[in-house]
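All chains, full assembly: derive it from the sequences and hints.
Under my numbering, the letters of the sequence shown match residues 1 to 171, in that order.
Everything labelled a hint here was simulated from the structure, so no lab data went into it. The beta carbon of each residue, even a glycine, is placed where N, CA and C say it ideally should be. Each hint should be verified, as a subset may be incorrect.
Derived pair list, reagent style DMTMM-like, types lysine to aspartate or glutamate, alpha-carbon separation capped at 20 Å [unchecked claim]: (1) Lys-166 with Glu-111; (2) Lys-137 with Asp-148; (3) Lys-137 with Asp-127; (4) Lys-137 with Asp-53; (5) Lys-166 with Asp-103; (6) Lys-137 with Glu-149; (7) Lys-137 with Glu-78; (8) Lys-166 with Asp-88; (9) Lys-166 with Asp-53.
Computed spacing ranges between beta-carbons, pair by pair [what the hints assert, rightly or not]: (10) Ala-87 with Gly-14: 49 to 59 Å; (11) Ser-156 with Asn-101: 54 to 64 Å; (12) Glu-131 with Pro-102: 23 to 33 Å.
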Amino acid sequence: MRSPDRDLSRALLGALVLAASVLLILTLKLPGLLLSVLLAIGAFLFSRRLQVDPEITAMRSSLIYARDDMIEVLDAYEQMQNGATAADIADRTLYYPALANPDNSVPQVNEFLLRASSARRFIERVDGYLESPSTDKAQLERILTVADERAFELQSAWDDARRAAKEIGPA
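And the structure:
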């Protein structure tokens with residue numbers, strides 16, 4: 001739950017508890033006061049249970065950052081492949097033609113294409129974990145470790161593929 005939604009939920013819960021407490025006290029007097037105290041304690045414990053662990057929030061943010069790193073590399077490749085600007089056309093025809101041709105024998109390019117395909121599938125799965133409220137801390141740690149490793153490997157493969165394609169040049 002996002003922070004504004006969480007704040008609104010807390011405010012509504014507090015207003016409901018306050019209204020119920022006033023009603024209980026006015027109608028039942030002393031027993032109403034005791035019930036109001038129990039109601040307030042229950043509402044407090046309930047709201048504490050709904051609070052999200054800041055460490056889990058930080059891990060989710062880091063996972064989003066690693067996912068965005070992979071998306072950035074994939075977008076750069078897609079831009080080079082399909083971009084209509086003069087720079088994109090020059091990249092795929094003059095500077096990095098091997099990257100524009102997936103049917104080549106350059107190992108670095110093939111490695112990048114394999115990692116890019118794997119990263120696309122991984123990104124689709126990560127979004128499911130990010131949206132799921134039941135993902136626990138241990139799962140997030142494992143996914144974050146894998147995401148960081150894959151983001152680094154994808155960036156390295158992209159750099160290596162660009163370097164190898166530039167060395168080959170236009171055919």
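Checked hints:
1. Lys-166 with Glu-111: 16 Å, holds
2. Lys-137 with Asp-148: 16 Å, holds
3. Lys-137 with Asp-127: 16 Å, holds
4. Lys-137 with Asp-53: Roughly 9 Å between the alpha carbons, so the hint for Lys-137 and Asp-53 holds.
5. Lys-166 with Asp-103: 17 Å, holds
6. Lys-137 with Glu-149: Roughly 18 Å separates the two Cα atoms, so the pair holds.
7. Lys-137 with Glu-78: Distance ~34 Å between Lys-137 and Glu-78 Cα, so the pair is violated.
8. Lys-166 with Asp-88: Status holds; Cα separation ~14 Å.
9. Lys-166 with Asp-53: 47 Å, violated
10. Ala-87 with Gly-14: 49 to 59 Å: 56 Å, holds
11. Ser-156 with Asn-101: 54 to 64 Å: Violated, since Ser-156 and Asn-101 (Cβ atoms, about 21 Å apart) do not stay within the stated range.
12. Glu-131 with Pro-102: 23 to 33 Å: 32 Å, holds
Violated hints, in rising order: 7, 9 and 11; the structure is consistent with all others.
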